[in-house]
Amino acid sequence: MTVGAVRMSPIVAAPLPAQSTPASGNGTLLPTPGTSTGEACNDAMTMLYTVMSEQGSLQMKNGETSVDAQRTARDAANEEENQALAREQKADGDGSKGFFASVGGLVHDVSSDVLKLHLVSAVRDADSDVVAAANSPNFWKDVEFGATKVAEVAAIVGSVAESVATFGAGSVGAVAVTALVLSSASMAESDCHVLERCGVSAKAAMYIDVGCSLAAAAVGGYGAATSSAEKLGTLATAAKAVGSAMQTADGAAAMVSGGAHIRNGYFAADAQDASADATHAEARQESIQQVMNMLLDGIKDASESNKRALQSLQGAMQTNAQSLVVAGGRIA
Amino acid sequence: MSVINGVLTSNQVLPAELEDTDQPAGTGSVAASLLPDPTTQLLATGDPASMMAALMIRTAQDERDLSRQTENTESAIQDQQEKAQVTAMHQKANEMRMDAVMTGAMGMAAGALSVAGSACDKDSGEARMLDANSKLWGTGRDILTQVGKADEQDADGNIAAFEHAAAHAGRAASQAYDSERDAQKLLDSAVDFYKEYSSALGQAKSAAIQRT
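Residue numbers (numbering that gives the first Met the number 0), protein chains in the order written: chain A, 0 to 331; chain B, 0 to 211.
Because the hints were derived from the structure by calculation, they are not lab data. Just so you know, not all the hints are guaranteed correct.
Stated by the list, open to error - With a Cα cut of at most 20 Å, we get these calculated EDC-like pairs of lysine to aspartate or glutamate:
(1) B:184 / A:303
(2) B:82 / A:91
(3) B:134 / A:151
(4) A:299 / B:191
(5) A:306 / B:141
(6) B:148 / A:269
(7) A:239 / B:191
(8) A:148 / B:177
(9) A:299 / B:177
As the list claims (entries may be wrong) - With the C-beta cut set under 10 Å, the calculated list includes, among others, these residues of chain B facing chain A:
(10) 64
(11) 69
(12) 77
(13) 89
(14) 158
(15) 160
(16) 171
(17) 173
For every residue, glycine included, the Cβ atom is placed at its ideal position computed from N, Cα and C.
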């Protein structure tokens, strides 16, 4: 016997059989459940059953992964939509300061800094306020509106001054004042709808507005027809100077209004772009949601179908076993 | 589930193999099988119940495939219309920028000419020329503003049309999906029917064998 020799040789651990190695590392000596190999699965139907079961689990896992991926994509699209909506609101001017608020803020910041002798802060605050005003849609809306109104008023006053210059000093008073009042009334009504706020119907207010304009033009025309060169005097000369000044103001205001109009157009276009991006993100979200619903339905259907298939196979296996029992009984 | 013909020794077809368990609804892909179609085999059995089940299964499969195809087409149309809507919105934004630049520049030009005219002698020809040019640019600005507004109305109309078409295609896709689900239920019912029938038939045969 080689007992002594065995004891003398170094002890070497025998390698473990492959089947007894825990596959999952959780300490069990049994093979991983569900593997379609091994002696327990040598029967064709049992093997098929195991494979189908594994396939069902795999389908479920794949479905969950797909749903998770779609959910991530939907969340990303939702975030994009929120950002686009925020950009749209900003471009629309929600919460932005208007002209007077911006100028008031600038004056307040600078004056308070100057009073505290913080000159560097004054410059910095002025710079930031100017930049904020330049990026504020409401500021530019106010600038455009104000410049347009200034241009309109300057045009009216200038035209009246021109009439005065043409009529001369004689009968100019009544005619000029009448034309000025009528024209101003027409402008006030068309811009502010004063009559409508006083209870006059919109149609009647429109007729009154048009009537004032026509009357102003008629009075001006009458004055022009009855005036003569001899009537020009000191007042006419002064009116001419006023007319020139008003024309300058009109032109300058028109230039400012044009610049502000460009800026406002860009703000409106930015809002439109942001709205388009939000629409796109929303459509993507809906599409992803549809795919998610379909995936969930598909997973549910696949699960039920797989269950039915397994039941059918189970039935076939039972039938097969019963047939074997019957056949065995008959042989015996 | 892949086709598993040959598992049973008889010429009967296992009901489970008639189902597409590996086909999640809505994927639209059809796995190609190298084995003959089970429904064709069922139709050739000569058994009236099996043939009826096979016909039902085939009808349900055809209806489901058709609905799936319709749904895919409508979904593609919906995507296309939504993209067209977004493109139209961006195009409108570009047109708004262009209009703003054009009208603003013309207004500024009119203002500059007016200022220049005011600097000249009122009765001079130069002043009249500048004034007339200023009014011309102002009129051009007004015309362009109205044209821009009309273009915006057109763009809004196109955007609304695309949106409406996308919504319509979405509803059609949803209906097709519902039809697909209904067809799937019909298919399941037909398979269940055949399963019950084959089970009862098997039990009857087993009882007959035991009796003999």
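Against the structure, the hints come out as follows:
1. Simply put, residue 184 (chain B) and residue 303 (chain A) have alpha-carbon atoms about 11 Å apart, close enough for the 20 Å limit, and the pair holds.
2. Restraint check for residue 82 (chain B) and residue 91 (chain A): not satisfied, since their Cα atoms lie roughly 24 Å apart, outside the 20 Å limit.
3. Of the pairs offered as hints, the one joining residue 134 (chain B) and residue 151 (chain A) holds, with about 14 Å between alpha carbons and a cut-off of 20 Å not exceeded.
4. Our distance criterion of 20 Å between C-alpha atoms is met by residue 299 (chain A) and residue 191 (chain B), whose separation comes to about 17 Å.
5. Under the criterion of a C-alpha separation no larger than 20 Å, the hint pairing residue 306 (chain A) with residue 141 (chain B) is inconsistent with the structure, at around 73 Å.
6. Of the pairs offered as hints, the one joining residue 148 (chain B) and residue 269 (chain A) holds, with about 17 Å between alpha carbons and a cut-off of 20 Å not exceeded.
7. Pair hint residue 239 (chain A) plus residue 191 (chain B) does not hold up; C-alpha atoms about 101 Å apart against a cutoff of 20 Å.
8. A C-alpha spacing of about 60 Å is found between residue 148 (chain A) and residue 177 (chain B), which places the hinted pair above 20 Å, so the restraint is violated.
9. Proposed proximity of residue 299 (chain A) and residue 177 (chain B) is supported: the alpha carbons are some 15 Å apart, at most 20 Å.
10. Contact between residue 64 (chain B) and chain A, as hinted, is not supported at the beta carbon level, the nearest pair being about 15 Å apart and thus beyond 10 Å.
11. With its C-beta approaching chain A no nearer than about 14 Å, residue 69 (chain B) sits outside the 10 Å limit, and its interface hint is violated.
12. Taken as an interface hint, residue 77 (chain B) checks out: its beta carbon lies about 8 Å from the nearest beta carbon of chain A, inside 10 Å.
13. With its C-beta approaching chain A no nearer than about 5 Å, residue 89 (chain B) sits inside the 10 Å limit, and its interface hint holds.
14. The criterion of a C-beta within 10 Å of any C-beta in chain A is met by residue 158 (chain B), whose closest approach is roughly 9 Å, and the hint holds.
15. A distance limit of 10 Å between C-beta atoms decides the matter here; for residue 160 (chain B) the minimum to chain A is near 14 Å, and the interface restraint is violated.
16. Given the 10 Å rule on beta carbons, the hint for residue 171 (chain B) is violated: about 13 Å separates it from the nearest Cβ of chain A.
17. Hint on residue 173 (chain B) holds. Least Cβ distance to chain A is approximately 8 Å, under the 10 Å limit.
Hint violations for this structure: numbers 2, 5, 7, 8, 10, 11, 15, 16, all remaining hints satisfied.
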